[in-house]
Structure formats: structure tokens, C-alpha cells
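Trainee: Protein sequences, first through last, are from chains A and B. Those letters in the first sequence? Residues 12 to 281, by the working numbering. Those letters in the second sequence? Residues 12 to 281, by the working numbering.
By construction, these hints were calculated from the structure, which means they are not laboratory data. Hints may be right or wrong, so weigh each one.
[What the hints assert, rightly or not] Ranges of calculated distance between the beta carbons of each label pair, as one might list FRET restraints:
(1) B:Asn-85 / A:Gly-62: 30 to 36 Å
(2) B:Ile-244 / A:Gly-33: 48 to 54 Å
(3) B:Gly-19 / A:Val-98: 29 to 35 Å
(4) A:Thr-174 / B:Val-164: 55 to 61 Å
(5) B:Gly-34 / A:Gly-62: 49 to 55 Å
(6) A:Ile-35 / B:Asn-85: 18 to 24 Å
(7) B:Arg-84 / A:Ile-35: 24 to 30 Å
(8) A:Thr-65 / B:Leu-26: 38 to 44 Å
(9) B:Gly-33 / A:Gly-62: 50 to 56 Å
(10) A:Gln-80 / B:Val-25: 37 to 43 Å
(11) B:Asn-249 / A:Leu-215: 49 to 55 Å
(12) B:Gly-19 / A:Gly-33: 35 to 41 Å
(13) A:Glu-59 / B:Pro-252: 40 to 46 Å
(14) B:Thr-157 / A:Asn-108: 27 to 33 Å
[Unchecked claim] To list a few chain A residues with every Cβ distance to chain B over 12 Å, as calculated:
(15) Ser-18
(16) Leu-26
(17) Ile-35
(18) Trp-36
(19) Asn-60
(20) Val-104
(21) Phe-161
(22) Ile-197
(23) Thr-205
(24) Leu-215
(25) Gly-253
A virtual CB, placed ideally from N, CA and C, is assigned to each residue, including glycine.
So the chains spell out like this:
2 protein chains.
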Amino acid sequence: MKTRIISGVVLLPVLIFLVVSGGIWLQVAVGFLGLVGMREFYQAFSKENRGLHTICYVFAVIYMVFIDQIINRNNYFNIFVSVFLVVLLIYTVLCHNHTNAMEGMTGFFGFFYACFLLSHVYLAREYTHGNLLIWLAFIAAFGCDTGAYFVGVSCGKHKLIPTLSPKKTIEGSIGGIATATILALIYGWWIQRTFILEDVNILLLCGLTGFFGSFLAQIGDLAASAMKRYTGIKDFGNLIPGHGGVLDRFDSVILTAPVVYYIMWFLVNN
Amino acid sequence: MKTRIISGVVLLPVLIFLVVSGGIWLQVAVGFLGLVGMREFYQAFSKENRGLHTICYVFAVIYMVFIDQIINRNNYFNIFVSVFLVVLLIYTVLCHNHTNAMEGMTGFFGFFYACFLLSHVYLAREYTHGNLLIWLAFIAAFGCDTGAYFVGVSCGKHKLIPTLSPKKTIEGSIGGIATATILALIYGWWIQRTFILEDVNILLLCGLTGFFGSFLAQIGDLAASAMKRYTGIKDFGNLIPGHGGVLDRFDSVILTAPVVYYIMWFLVNN
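Given only the sequences and the hints, what does the whole structure look like? Please build it.
Mentor: Dropping the structure here:
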């Protein structure tokens, strides 16, 4: 517990600095976390296969370096996906003695789960008003966690999904969604008072991201539990002392960040 | 052999009609073949899981119905991929007793391999000059097959990858690439003589698609062999009597179509 608090206290300012500064620093940090997350994913799901995993890391680096072009220009993302698929198939053919199709699928999915989804933290930060609205991804994830904990402890009676996560309760789950939605709305109210954003309905945006984000934060948490249960591991990694690996600590943010980005993209008029 | 020839003679005109007409007919046909291909893929790789596979089919249908928007509008394809991932994760959590993460990965990859790659037949056909240039996908795939067969039979000595495909030779492989490239160039020369396309260097486009297309046609063929060898099946399916399933018959076109589409996209000036 002590280690957990110390590393939290040390790393929280770093996280805040990176998100506040945005730009290249955040891009590098998200890319690094994405690569570590992919490594954790591969170690959990597939036996050591350096060649295949190196290919996936290379594509993740290409994706993170050219992310603005890949996401914002016509056809670039489907070209990227097609080339990635083709190279994986070429590798499967040429190195068929060392690999098989299942490993190729794990490599492909690992990129999307650990790197692509997490990259929405960067995408949302760089979008219009991203400096203000990116925090909703963390409010939804950590607000939901905290609310679910306190509501669950105080009045949790009905188990949510005991085989995946024995301590979670339905009351806690609802409390988490309510807490995150209220926190997001308070944050939206503060933004509205402090800044004048005329091109977006800020309360609607905050309410939607708080609600859907906190629902998906729990899905992200439980999906990571399901994967760990399936592979028989306790934690994905140990990058952050006391918190586990990237996929343990950011299992919720992986899903709240895309929610924030796509709701911003939908509601902010450019 | 007789069945193979009869179904070839019956289905070839249908294929030609669909590609010539393009538009909605081709869209429906490619969508149908994509869904059948996905079903073949899932039957080979994962045990019966109707819920999960239904989700993947639904996303494939959404993709094929809205393919023009999803591919040609900013952010639509990454939204599609994100929502697909999120829904698979939700399913993995809610139905964790009936499924596991590996099945989710198979579902995800199966869509990209069987439906997304094949959909480039439609995308290439609908692109500028697609009515003329889409044929390059078939020239590369079937020209390579035929050339490789005759060169291999007449002077094939060195085995290519005997564990995956015992009869293929290096001489045949080179002969296939040469045949397809020459056929594509002849086709390009005919186009140049017959039509006046001022916005593209047609011989360069045909040479590139013939060369890279026929290389990838062989990769597609061998990758399908590797998958069949891994799962211990002889054919993916039996939709086309004498030819096997969609993934058996179109294993090369699955890779030549993206090559044609992206080279067109790169070289045709709009």
C-alpha cells in the first residue's frame, strides 16, 4: 500500500504535466505507454515470438509518429491497417515454422487494444478545446473508480459479476456512474463559467462523456480482469510499483479516452 | 475436375457481370462473399460461438452498407474500429462464461481478413477508372496462378516452401510474377491505345500492380495454406463446388484487390 501511494504521488504530477503540455511530449509518452502495454499483452497471451512482436511494435511506432496524418487524412488509416495485415501475413508465410495464425491475430489485436485505444488520449488532447476536455477521460475513469468504491463499501449488497471481480457490487457500479456523471457535469459547469466556448454545448458533452465514459470505464476494468483470469496472471506488468502494468493502471482510460474523443468530434462544431 | 470446370463456366459470367456493373450489385455480392468468408474463418479457428460471431457479422454488414462513408470520410473508419472493439469487449465481459479473449481476437481478425480486405474489390471498382483498372486485381491473381503452373510444370526444380505447399517451385513463383506483370502491361498498353486517360501513367500503374499484386497473390495463397495446415482442414468451405469456399477461391484476390486500390489511389490524380 505504501509503495502504491508513493508511486502515485510521484507519477501523478508527471501525468498532469504531460497532459497539460500536450504536443510532442504527450505523443511520446502515449507511444511509450502503448508499446509497454502491447508488450504486457503479448507476454500474457502469446509465447515468446520476437519477430512477430517486433513487426507489431514497428507498426505501433509508425502509427504514433504519423498519428495526425493517419487519423485525419482520408484513406490513411485503412492503408495503415491493410499494410499491417499484409506484413503479418507475409511474416506468417515466411516464418511458418516459428509462428502460426493465432499468434498473428494476437499481434494484430494487441496493437489495437493497447496502443490504438490509448492513443485517443493524445487525439482528444490535440482536438479543439482538448486542453480542457481531455480531463473528462480521467474524471470518468478515476471518478467512477472512487465513487464505486465508496458506494460499494457503504451500501453494496448485490454482486455484479463475482466470477470476474468478486468485490464489485451492482450498487457500487451505479454509484460509480452517478459519481462520474456528476463530477463531469460540475467540471462542465466550471468550464462554462470560466471560459466562453461558443461552438459546443458543454454541459451536454460533459454529461454524455461522464455517463458513457464511466460505464465503459467499468467494462475496461472487467475486460482486463477477464483477460487476466483467462491467461492465469495476477497483473499484466509491474511498470508502476504498487499499481501493476500499463494495462492494469490504464484499463479504464483505454476506453474512456475514445469516448471523450468521439463525443468531442461529434459535438464540437469546427 | 468436371465439377470444378462446370462451376467455373457457370460462375465466371456472374463474376464478370457483377464487376462490370459495379455499384449496388457488386456491393451486395462482395458483402455476401465477405460474410461467407468470415463464417468459413470462424468455423476453422474458433469453436461455435453464435453470439460473438453474430456481433462480427453485424459489424461487417454495417461496414459494407456504409463503406463509401466509412472509407472516404475523416475519422469514420477509426470510429468504426473503436466501436467494434468496444462492443467485443462488452460482450467478453457480459458473456465471460461462454467466451474468452482469444475468441474475441479471432472475431476481430476474421472481419479484417475476410471482409475488409475483400471489400477493396468494391472500393477499386468504384474509384476513378475503376471500371477499367479493377481487372488488374484478377489479372494479377489468376495470371500469376496460371503462369506459375505452366512455368512450374515445364521447368520447376527448386521447391518454394514444401511444408506449406509441396508442389510450388521457385521457378514457378518467378514465372507467375513475370506472367502477371507482362499480362498487366499488355492490358495497360491496350487501355492506353483504346481510351485516353490523361490523369494517370497507365503503364506504370499496370506494371506496379502486376508485379506487387502477383507477389502478394502468392502470399495470400500460402497464408491460406498455412491457416488450413494449422487448423487441420483441407478446405475452408464448399460454397463453390470443385473450388472450395470463398477463402479458398479468393485467397489471392483478397490481397491483390488492396494493392490495386491503393496504387490507383496513389497514382490517379483527382
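Trainee: Hint by hint, say whether it matches the structure.
Mentor: Hint check:
no.	hint	result
1	B:Asn-85 / A:Gly-62: 30 to 36 Å	34 Å, holds
2	B:Ile-244 / A:Gly-33: 48 to 54 Å	50 Å, holds
3	B:Gly-19 / A:Val-98: 29 to 35 Å	32 Å, holds
4	A:Thr-174 / B:Val-164: 55 to 61 Å	58 Å, holds
5	B:Gly-34 / A:Gly-62: 49 to 55 Å	43 Å, violated
6	A:Ile-35 / B:Asn-85: 18 to 24 Å	23 Å, holds
7	B:Arg-84 / A:Ile-35: 24 to 30 Å	28 Å, holds
8	A:Thr-65 / B:Leu-26: 38 to 44 Å	39 Å, holds
9	B:Gly-33 / A:Gly-62: 50 to 56 Å	40 Å, violated
10	A:Gln-80 / B:Val-25: 37 to 43 Å	40 Å, holds
11	B:Asn-249 / A:Leu-215: 49 to 55 Å	53 Å, holds
12	B:Gly-19 / A:Gly-33: 35 to 41 Å	58 Å, violated
13	A:Glu-59 / B:Pro-252: 40 to 46 Å	43 Å, holds
14	B:Thr-157 / A:Asn-108: 27 to 33 Å	29 Å, holds
15	Ser-18	27 Å, holds
16	Leu-26	23 Å, holds
17	Ile-35	21 Å, holds
18	Trp-36	23 Å, holds
19	Asn-60	14 Å, holds
20	Val-104	4 Å, violated
21	Phe-161	23 Å, holds
22	Ile-197	26 Å, holds
23	Thr-205	29 Å, holds
24	Leu-215	19 Å, holds
25	Gly-253	25 Å, holds
Violated hints, in rising order: 5, 9, 12, 20; the structure is consistent with all others.
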